[in-house]
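Listed below are the residues making up each chain.
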Amino acid sequence: PFGGPLSSEMSVTLDIKLKRANKVYHEGETVAGVVTLCCKEPLQHNGIALSMDGIVNLQLSSKSVGVFEAFYNSVKPIPLISSSIEVAKAGKIPGGKTEIPFEFPLISKGNKVLYETYHGVFVNIQYTLRCDLKRPLLAKDLSRSCEFIVHSQPQKSKIVPTPVKFSITPETLQNVRERSQLPRFLIRGHLDATSCVISQPLTGEVQVDKSDVPIKSIELQLVRVETCGCAEGYARDATEIQNIQIAEGDVGHGMPIPVHMVFPRLFTCPTLETTNFKVEFEINVVVILQDDHLITENFPLKLCRV
Amino acid sequence: MLDGTDPLSMFAATETSAAASHSSSVGDLGRKRRVKEEEALGADFEPWSTKRGEILARFTTTEKLSINLCMGSDRGKAPNPGSSAVSEKVRTRLEELDDLEEGSHRELLNLSQQDYANRIEELNQSLKEAWSSDQKVKALKIVIQCSKLLSDTSVIQFYPSKFVLITDILDTFGRLVYDRIWTMCSDPRPLPDSFTVEDVNDTAKETCLNWFFKIASIRELLPRLYVEAAILKCNRFLSKSGIQETLPRLTAMIRGMGDPLVAAYARAYLCRVGMEVAPHLKESLNANIFDLLTTFRQISGDSVQKQLHLQKVEVPAYLMLYSPAINWILQCVAYRAPEPLLTEMMERCKMMANNALLLNSIMRAFRPEFVATRATDFIGMIKDCDESGFPKHLLYGSLGRSLACADPPESERLTILNEAWKVITKVRNPQDYMNCAEIWVEFTCRHFAKREVNTVLADIIKHMTPDRAFEEAYPQLQSVITKILMYFHDFSVLFSMERFLPFLDMFQKDSVRVEVCKSIMEVFIKHQLELTRDPVILNAMLHICKTMHDSVNALTLEDEKRSLALLIIGFIRMVSFGRDFEQQLSFCVEARSTFCNLEPVLVQLIHTVNQLAMETRMVMKGNHSRKTAAFVRACAAYCFITIPSLSSIFSRLHLYLLSGQVALANQCLSQADAFLKAAVSVLPEVPRSISVEGKLRSSESFLLDFINNFLATLLVVPDHPEHGVLYLVRGLLNMVQDYTWEDNSDAKVRIYISALPLLAAMSQETYLYSIHKVDSNETLYGGDPKFLSEINKLCETLIGQILDHLKTLTRDEQSMRRQSALAFSLFGVLLAHGDLKNNKLSQLSINLWNLSHKHGHSETRVSIRTLESIRHQAQRPDMAHLSDTIQRLALQSRT
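Chains as they are written, first to last, in the numbering used here: chain Z, 1 to 306; chain R, 307 to 1201.
It is worth saying that the hints were derived from the structure and are not from the lab. Because the structure is a prediction, the values reported are computed rather than measured. Some hints here could point you the wrong way.
Said to hold, decoys possible - Calculated lysine to any residue pairs in the SDA-like style (CA-CA distance at most 20 Å, straight line):
hint: 1; chain 1: R; residue 1: LYS511; chain 2: Z; residue 2: GLN290
hint: 2; chain 1: Z; residue 1: LYS216; chain 2: R; residue 2: LYS1160
hint: 3; chain 1: Z; residue 1: LYS216; chain 2: R; residue 2: SER606
hint: 4; chain 1: Z; residue 1: LYS17; chain 2: R; residue 2: LYS1143
hint: 5; chain 1: Z; residue 1: LYS210; chain 2: R; residue 2: GLY607
hint: 6; chain 1: R; residue 1: LYS511; chain 2: Z; residue 2: LEU18
hint: 7; chain 1: Z; residue 1: LYS19; chain 2: R; residue 2: LEU616
hint: 8; chain 1: R; residue 1: LYS612; chain 2: Z; residue 2: GLN290
hint: 9; chain 1: R; residue 1: LYS1143; chain 2: R; residue 2: ILE1077
hint: 10; chain 1: R; residue 1: LYS867; chain 2: R; residue 2: HIS849
hint: 11; chain 1: Z; residue 1: LYS216; chain 2: R; residue 2: GLY607
hint: 12; chain 1: Z; residue 1: LYS216; chain 2: R; residue 2: VAL621
hint: 13; chain 1: Z; residue 1: LYS23; chain 2: R; residue 2: GLY607
hint: 14; chain 1: R; residue 1: LYS546; chain 2: Z; residue 2: GLN200
hint: 15; chain 1: Z; residue 1: LYS216; chain 2: R; residue 2: LEU863
hint: 16; chain 1: R; residue 1: LYS546; chain 2: Z; residue 2: LYS17
hint: 17; chain 1: R; residue 1: LYS1160; chain 2: R; residue 2: SER1095
hint: 18; chain 1: Z; residue 1: LYS216; chain 2: R; residue 2: LYS511
hint: 19; chain 1: R; residue 1: LYS511; chain 2: Z; residue 2: HIS151
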């Protein structure tokens, strides 16, 4: 009973394994898995508990801090779900590998909505399972956590994709200093939809019909627009998630070049709007000419899950 | 673990946790699978592996290359829109994927081509190492960095080879990923070859999906395309239609590549993996070639032209860089393709104003039969081609290559040849001309006769002679000869081609000329089945053989000499003038002077002449007329003067003996005498050791063999009237006596012993054998007592010598053993050839028997059998005296 605390601690490992390989769950489902314990010798413990937490972390960008000191309160983490169950009562675990299966219903309390998992810069929505093993005196408690992913419920209403056409010429540009110095070009194209199903790629075509200066690169920039705040004020920040090059060099004219971008998992979520924060997405079609002129066409996106 | 905010860190995290279960027995199973799948393609599809080497050998450079393993170019670029808002942390995270090591920027400059290949191979190794040490992200980074190198078109002439080297790495990567996921599903039993999505477990699917998400986030177009193509096969784990959906998407994606060369090779790679994984999906292959065709006009665009100007590369050379890629794509398209598709390709080509580059690839890639049946069409298209850029002789070269293995309609063949040659003959550059002409020689030989081939040869000579252009084209010229020899096996036709020998004269470099002559001779020996006297063949062959012979010098290796000699001998053996023996002899005379440096040839000539003499004898049924007698003497004279020129002493000895026998058979007594005398006089020169197959060996046994053979011949050789009795026998024995034998050798005595039977035979009234129309000593002396007493004296001397020698053999065990053996063999000779009624001789034989048994060195079994044999003989009435002898032959029992 008074075995060396260090030695016993060294030999215990605690792990949580989820049943689903992709760790994706929806509200109302049961998060199932096993808690595994490996120890060489029998292990005395004071109970094993499993807790589930869902939380929205908000952060103000450095430039916003100070200006918005007034609503610091608004950036407190927002809990979405928090509950815990006892996996095992205090007792003894035999040496070797022990697996304790668990089932944890994923149900929010009250009218809280379980937002979809999202890893952003200023907004983070994250769900974790934590297992705690309480141990008698002299031995440290053990703890292990594991992220699982929540996908929001499929949207009920059907999305009818509406293609968006665009045509870029020197005349269509805004924010131009010397319009007269611009080379002539005509770049046309379309996106198959700006209301996008998150699990399907963004598609479309772009075609260089004419360009006095050869193209250097055409890129698709996926941007997240995160807004934190409240009625008193808010901070809105646009940051790049990823940039995908779809054309490199002096591409042939008149040939449709496919637009194709897979929405990265975790870093995108269905467009989200709440009282405290917003997560929105935009796509920029960026054309860079060989003389380093930069032409951008911006499209707000609405992401949803079906 | 959760501090990451970008795809990469997440990916790395999941990878490392999933990697824990990785087992290492993956490779074998995976490899077997791959072999099977490739077989699905059919053996008639020429695999990429055969092209690899060709491309690497063909597209080389002496310029310095560089490898830039970092996104240097991207860093210095204008800031991305909206990037001002991107936090520093995020930016570096995003760029990490592009770096090999965090913060590393490796730029290797001034690499030679070999260095470059080595560096790429190093990367291939570090890819494998990273993989096996579970650093999957590092492995991916390496692959991305390598693919990026393919967007660099500096030192453009090396690009095709660079493509080969780098796609090797991509292939490795594709295999590693596939095998890894495959083994994740091998529990409890391996996946069947024909597995479906349902057989794949969730973990494997998730891992596979991770790879695809990871690759989809690669920033740059080129690596994103190449890496996804590399793991195309992994789609099988995710969905049934994955490959089918991915191929068209990737095909369309290539449109974004501005550089037409880079795009063409990307297409070639896509077709390559596509063919390997799903050869039945033809649409993407077709889409690739059609897309490629539309990019052709970019070649004449400013960007490409500027680049060529900067790198100082000519347009034709630049166009050639495309050919491996286009050839490959077309080969994939054409593989088991229906005729209409091929016809459509031809039509497309016509629509594009017969674009030469495309036309060339079509002719290369399509089935030769297809091209051959439309050869006339193709010629028309070649004619209509734009001359600039792509030289026509290359087009004709490609056409010729098809026609060399498939036949156009018979009625068109001559027109085709004329049309083609009209263009070929106008090619100025000798190297270009030769490359093309060489190909067309095969078509000409295949379908036409001497006259046309001769014309072609004449044209080649005309082109290659000025400025000694042939010196630069030996391989091609050699190939022309090889092709002609493949089709023309009738050498009288071949050599009656006027320009054939002049063509051979172009091979002025010794080694090549001999090489060519050898190849002609080899074909001659293989295919000339009948003896010939055709003067055209003989003259040409003599010329060729002489060329080979004259190449021999002090530095020529023995092996080379041997093989040349064999070829020349092969020719000599095929020459026959039938009954015109005199001409045959004069041929041999000429051949002797021509081939004097190759001893085996001279030996053959001597054999040929001896054979000639024997044939003459046969024709005359042994009765020579004056004329034939003179002829066979001439033959003997030929041999007599030829033999001394041989350096091998045993060749000389054997040929003297053989020629002596032949002379004897032809009643040329004095000639025979001369031969045998010569042989005897050469004997002292025989060295104690000779080289046999490169090893020094004692010559004694060879010499003993020869002398025994010689003795047997001497029985029938009549004594020379001017010399004494048994002149040759004495002469031989004298030589034997004077020869410096090896120490402790019984050779001399053994010869003495073997001479006794000869002398015994000579003393008979009728000899054992004789030669038709030659009187041997039996007739010459008619049993003259003087002759017999000479023989007896000689025998006594010999026996005396032998006994003296026996007496000396008492020193030690070894010599006593020899003594026993010698005594026993002398006993045997006396028993067989001696008259044992003679008491003295009988006593001697008994003594010898005892001597041989004295020290217990005799072989009891032999002794017993000898006794039995004597007992048996003694039963014959005239041998009764042996019974006495036998009583006295005691068997010593060994104690």
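- Message: Hint by hint, where does the structure go against what was stated? Just the numbers, ascending.
- Response: The structure breaks hints 1, 2, 4, 7, 9, 12, 13, 15, 16, 17, 18; every other hint is satisfied.
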